[in-house]
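Student: Knowing the structure of chain R, use the given hints to seat chain U on it.
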Amino acid sequence: MHLSLSHFSAAAVFALLTSIVFGITQREDHREMVRYGLKCFAFFIGGLFVAGWAMWLLRH
Amino acid sequence: MSTRPNIESRPSTAAGAAVPASTGMAVLVLIAGWLVPGAGHAIQKRWVRAALLFVCIVLMFALGLAMEGKIYSPNTGEILDMLGFLGDVGAGGLYMLTRVMDWGHGAIQMATADYGTKFIVVAGLLNVIAAVDAHNIALGKKK
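First to last, the sequence lines map onto chains R and U.
For what it's worth, our numbering labels the leading residue of the first sequence as 72, then goes sequentially.
For what it's worth, our numbering labels the leading residue of the second sequence as 737, then goes sequentially.
In isolation and in its complexed conformation, chain R is listed as follows (with noise of 0.2 Å):
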C-alpha cells in the first residue's frame, strides 16, 4: 500500500493525532482535555499557515 499526501493534508493529519494524544496526557480534567487539545491543534494549524507564507516571502 502506498499512500502520496501533499504537504499540507500531512501535516493537518499529524497536528490533529497529535493534538488528541497531547490533550488526553497533558489535563486532567475531561473539559479540559478538550481544551488543550483544540487549543494545541489551532497553533499546530496556525503555525503551519505562518510557516507557509514565511517561506512564500522568502522566495519571493
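By construction, these hints were calculated from the structure, which means they are not laboratory data.
The beta-carbon is built from N, C-alpha and C at its ideal position, and this holds for glycine as well.
Take the hints with a grain of salt, since some may be wrong.
Label pairs and their calculated CB-CB ranges [stated by the list, open to error]: (1) U:T759 <-> R:G117: 39 to 47 Å; (2) U:L816 <-> R:G118: 17 to 25 Å; (3) R:Q97 <-> U:D817: 26 to 34 Å; (4) U:G813 <-> R:R102: 44 to 52 Å; (5) U:K878 <-> R:V121: 31 to 39 Å; (6) R:R102 <-> U:K781: 14 to 22 Å; (7) R:L119 <-> U:M761: 37 to 45 Å.
Tutor: Just chain U now, with coordinates in the frame of chain R:
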C-alpha cells in the same frame, strides 16, 4: 523540605478520584502501555482514553508506513539514526511487529517518505507519553 503533596495518603472517596495502585501494578501499566498503545489506560478502565490513544498512535504509525517512511535500526553509528531508533522503539509492539514483518525500508526518491519517517518516530514518542501518563494514573498522580 518537599512541597509535593503526599499522594500515597490521598483519600479515594469519590468515583474517578485518584487511587494509588501498587508499584508493581504501576510498572505493569507502564510496560503494557508501551507494548500496546492505550493498554495502560485500558487496564485502569479508562476506556475512552485508551481507545483514542490506540487509534491515534496506531493510525499515525500506519500512515507513516503507508507513506513509505523508514524504520531505523540500532547500531548504524550515526547519531541521528540512533535518535530516530530511540523514537521508533517508543512504539513498542508496533516497532517489533514492523521489524518482524520487515516493513519500513523507506523510499528516498519520494518527498512524502520523509514525512512518513517523522510520523513513525513521533508515533513512538507519543506512545511513550501515553505510557507515562498511564503510569501516573496508576500512581495516583493523575485522575
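Student: Checking each numbered hint in turn, tell me which of them this model violates, lowest number first.
Tutor: none
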